[in-house]
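A.B. asks: Protein chains in written order, with our numbering: chain A, 1 to 408; chain B, 1 to 364.
Honestly, I wouldn't trust all of these hints.
[What the hints assert, rightly or not] Mimicking EDC-like on lysine to aspartate or glutamate, the simulated pairs with C-alpha atoms at most 16 Å apart in a straight line are: (1) K310/B to D309/A; (2) K332/A to E5/B; (3) K305/B to E5/A.
For the record, the hints were derived by calculation from the structure and aren't laboratory data.
Bear in mind the structure is a predicted one, so any value in this text is a computation, not a measurement.
One-letter residues, chain by chain:
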Amino acid sequence: MIDFEMPNSIRKLVTMLDTVAENMMRPVSRHFDENEHEIPWDYINFMHQAMRATGAGSLAPDEGKKREGPRTGYQKLAFMLEVLSWGDAGIYLDTPGGGLGAAAVEAAGTDEQKAKFLERFTGETPIFAAMAMTEPHCGSDTAKIRATAVRDGDEWVLNGEKIFVTAGHKSLIDTEGFVVVWATIDPSAGRAGMRSFVVEAGTPGCTVTKLEEKLGIRASDTVSVVLQDCRVPFENLLGSPEVQKKTTKGFKGAMATFDATRPLIAASALGVARAALETLKEKLEEQGVEIRYGLPRSRMTNIEREIVDMEAMLRSGWLLVLKAVWLLDERKSNTLESSMSKVRAGDVVTKVTQRALQLLGPLGFSRDMLIEKWFRDAKINDIFEGTGQINRMVVARRILGYTRRELS
Amino acid sequence: MYAFEPTEEQRMLVDAVKRYAVNDLRPAAREADETGELPQDLIEKGWELGVLQASIPEDYGGFGEHSAVTGVLAAEELGWGDLAGGLAVMAPSTYALPILLAGTDEQKSELLPPVIEAEWKPYVAALIEPSFDFYVGELGTTAVSKKGGYVLNGTKAYVPYADKAQAFLVYANLDGKTQAFIIPADTKGLTVGERDLLMGIRGLPTFKLTLEDVNLPAEARLGGDEGHESELIIASSYVAISALGIGMSRAAYEYAMEYAKEREAFDVPIAQKQSIAFMLAEMATDIESVRLLVWEAAWKLDNGKEDAFKTAYLAFNAASDTTMMVTDRAVQVLGGHGYIREHPVEMWMRNGGGIPTLSSLAMA
Ligand SMILES: Cc1cc2nc3c(=O)[nH]c(=O)nc-3n(C[C@H](O)[C@H](O)[C@H](O)COP(=O)(O)OP(=O)(O)OC[C@H]3O[C@@H](n4cnc5c(N)ncnc54)[C@H](O)[C@@H]3O)c2cc1C
Numbered sequence: 001m002i003d004f005e006m007p008n009s010i011r012k013l014v015t016m017l018d019t020v021a022e023n024m025m026r027p028v029s030r031h032f033d034e035n036e037h038e039i040p041w042d043y044i045n046f047m048h049q050a051m052r053a054t055g056a057g058s059l060a061p062d063e064g065k066k067r068e069g070p071r072t073g074y075q076k077l078a079f080m081l082e083v084l085s086w087g088d089a090g091i092y093l094d095t096p097g098g099g100l101g102a103a104a105v106e107a108a109g110t111d112e113q114k115a116k117f118l119e120r121f122t123g124e125t126p127i128f129a130a131m132a133m134t135e136p137h138c139g140s141d142t143a144k145i146r147a148t149a150v151r152d153g154d155e156w157v158l159n160g161e162k163i164f165v166t167a168g169h170k171s172l173i174d175t176e177g178f179v180v181v182w183a184t185i186d187p188s189a190g191r192a193g194m195r196s197f198v199v200e201a202g203t204p205g206c207t208v209t210k211l212e213e214k215l216g217i218r219a220s221d222t223v224s225v226v227l228q229d230c231r232v233p234f235e236n237l238l239g240s241p242e243v244q245k246k247t248t249k250g251f252k253g254a255m256a257t258f259d260a261t262r263p264l265i266a267a268s269a270l271g272v273a274r275a276a277l278e279t280l281k282e283k284l285e286e287q288g289v290e291i292r293y294g295l296p297r298s299r300m301t302n303i304e305r306e307i308v309d310m311e312a313m314l315r316s317g318w319l320l321v322l323k324a325v326w327l328l329d330e331r332k333s334n335t336l337e338s339s340m341s342k343v344r345a346g347d348v349v350t351k352v353t354q355r356a357l358q359l360l361g362p363l364g365f366s367r368d369m370l371i372e373k374w375f376r377d378a379k380i381n382d383i384f385e386g387t388g389q390i391n392r393m394v395v396a397r398r399i400l401g402y403t404r405r406e407l408s
Numbered sequence: 001m002y003a004f005e006p007t008e009e010q011r012m013l014v015d016a017v018k019r020y021a022v023n024d025l026r027p028a029a030r031e032a033d034e035t036g037e038l039p040q041d042l043i044e045k046g047w048e049l050g051v052l053q054a055s056i057p058e059d060y061g062g063f064g065e066h067s068a069v070t071g072v073l074a075a076e077e078l079g080w081g082d083l084a085g086g087l088a089v090m091a092p093s094t095y096a097l098p099i100l101l102a103g104t105d106e107q108k109s110e111l112l113p114p115v116i117e118a119e120w121k122p123y124v125a126a127l128i129e130p131s132f133d134f135y136v137g138e139l140g141t142t143a144v145s146k147k148g149g150y151v152l153n154g155t156k157a158y159v160p161y162a163d164k165a166q167a168f169l170v171y172a173n174l175d176g177k178t179q180a181f182i183i184p185a186d187t188k189g190l191t192v193g194e195r196d197l198l199m200g201i202r203g204l205p206t207f208k209l210t211l212e213d214v215n216l217p218a219e220a221r222l223g224g225d226e227g228h229e230s231e232l233i234i235a236s237s238y239v240a241i242s243a244l245g246i247g248m249s250r251a252a253y254e255y256a257m258e259y260a261k262e263r264e265a266f267d268v269p270i271a272q273k274q275s276i277a278f279m280l281a282e283m284a285t286d287i288e289s290v291r292l293l294v295w296e297a298a299w300k301l302d303n304g305k306e307d308a309f310k311t312a313y314l315a316f317n318a319a320s321d322t323t324m325m326v327t328d329r330a331v332q333v334l335g336g337h338g339y340i341r342e343h344p345v346e347m348w349m350r351n352g353g354g355i356p357t358l359s360s361l362a363m364a
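Please build the complete structure, drawing on both the sequences and the hints.
C.D. replies: This is how it looks when you write it as structure tokens:
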């Protein structure tokens, strides 16, 4: 069946989150933008308690739980991220529950590992987790990472430097969380050597060395992490023991994480886009500018044309996200749709925030309004979790049936 | 609940339409474009798939129920085959579906069976007018009430098969409101003009139609004395032409992709060059996301959602832009060879340019 009816469970969730976004995020949006390294604990604590109460522990939806009827866990997450990012995209990244770190454990971990590492998110206090792939010399080209993991008895010894770790500070310093660190067990093996390791807060040899200052999403901390003879237990290598053989399964684990996280990042992007578009439309309405739907291009005003294009972009982009997460919930392959949704959402949010800024002119550029902030926040969506170009490449490889060697 | 999979029944219909598009429509497209004519048996074969018949209830000669979602699924496949051929096959729906959606019981009982039963016959709509800022909400063709009926005056264009049509559904401006009127072809004052000379859809003959003091009885007005709201009808044509555009975009994208894998430049297939590969990725992405918007609009129409018209309008705008973008890129991927009429991409580019204009030529 083809059905676009929002299920009641999602409707309820959205209504609740709208309240959070409107009352707990928007009013402090500007404050946390201007005070970069302050932590929005009120929001964090509230969300933690709310998520505990509803049983939503981490970014790992529905998994394992056998329930009647269709699964909607990832769809719920997409809506959640969209609404919270409508509230504030930076503060949303401070939502406790494990973020990309938990998603990585979810995608690549064994059942025991999931139980062990994900349990902490449902405890008394909010906990964070992060994912560290990027290094100073390589971002898009993940196979070039230099961080190493060497086995020593029943431990792994990690060495290397990771940068741009989202929520790294909250995961390692502010709470008892963890970082999923990507490293190579065989530097000559490229992709086949890549593995991911859980490094818990307080592990000796793991240090946060730098807190970045950014264009936008300033409420979210971005840090460098240095690993110096950092020892983690053998079983902190994510995945089943067979992963230890020379295969690309570890790398595929990372890619599997992206299948889940890319549409979610896309959802977040579109939340920002919706915020900008709604605010633009409200301003126009205040000014008595009416948008007439149904006119041919020759009769539209420029503003009408802009708004119609933006609405169409936003809605079609959102439907692509929805399809990508629906495929996940249905346990169907979504690599293509996942990257498509990220490509599209990155474009949409960049365009919509640019246009809103431009059309609102002196108001848009002013820090009295949030438009200029959203314009800055928006840009990250075309960069992290695979740049627009990298996701175009994933889509292109998929449709062309090309390998990395044929198209890079 | 969100779901993105056609039902079994829809899949069967779509598969049949797809086979027709692959085996019949596509192979005939180029010749039809060059000769300006589509073979009658080609149209007949498409008609026999029963897309329209399946959306008309038994009481009126059909065997199903109207579903815009099913309609757009079928239209996409027709658009993939050939826009001109698809529009020809669907032409009677532009007459029958408005009657089904907005007609009185008498109009439905009387007017639908002759269209639906037996072979394809040219029952068509006349909406478009030859002016640059043509707008369906403010038609130049007028209808004036007079005792016991209406008098219509004006000029229409892009009326398919007007020379052979049995009857027309003509849209006119009645006191500022767009209303449709059912007009048999032999009505006095109705003159079929010259064939339109168009850039694309050249296999589909369309004509000007002049109305000079055309006197109609009161029953000729769609919906009877009360008339009807035209939003739903217009929205149904928006989603249909959008789906045709998406289907044609998919055709152009697939063709360009296959070509790009074969064609070599600078020692590698051009598809291995990012500027080509990324174009293809964007084409695929835009097609997929706009297709979903078209589906949603059709679904909203089927479910009587309040913002169905608006969504259909957004989908139409997006599909127009996407079709023009994708069909242009397809030519670009083929380079100089794309510009030559040996390949179909130039035809799709010409046809694609019609999507923003041709909405009233299809209904779903
Ligand atoms: C705020 C923020 C948070 C982040 N959070 C995390 C995190 O939590 N964990 C983590 O591991 N990383 C994180 N990142 C890193 C992010 O994923 C990388 O910055 C991103 O993948 C790009 O890598 P790069 O910066 O090294 O750019 P580069 O890889 O150097 O790319 C530079 C430019 O070249 C283009 N390019 C690169 N390769 C190709 C190619 N093959 N074809 C065409 N164009 C190409 C890119 O698209 C880009 O435009 C974060 C970054 C930021 C800014």
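A.B. asks: Does each hint fit the structure? Answer for all of them.
C.D. replies: Evaluation of the provided hints:
Between K310/B and D309/A, the direct Cα distance comes to roughly 12 Å. Compliance with the 16 Å bound is thereby established for this hinted pair. Proximity of K332/A to E5/B is assessed by CA-CA distance (about 12 Å); at most 16 Å being required, the pair is judged to hold. Proximity of K305/B to E5/A is assessed by CA-CA distance (about 10 Å); at most 16 Å being required, the pair is judged to hold.
The structure agrees with every numbered hint stated previously.
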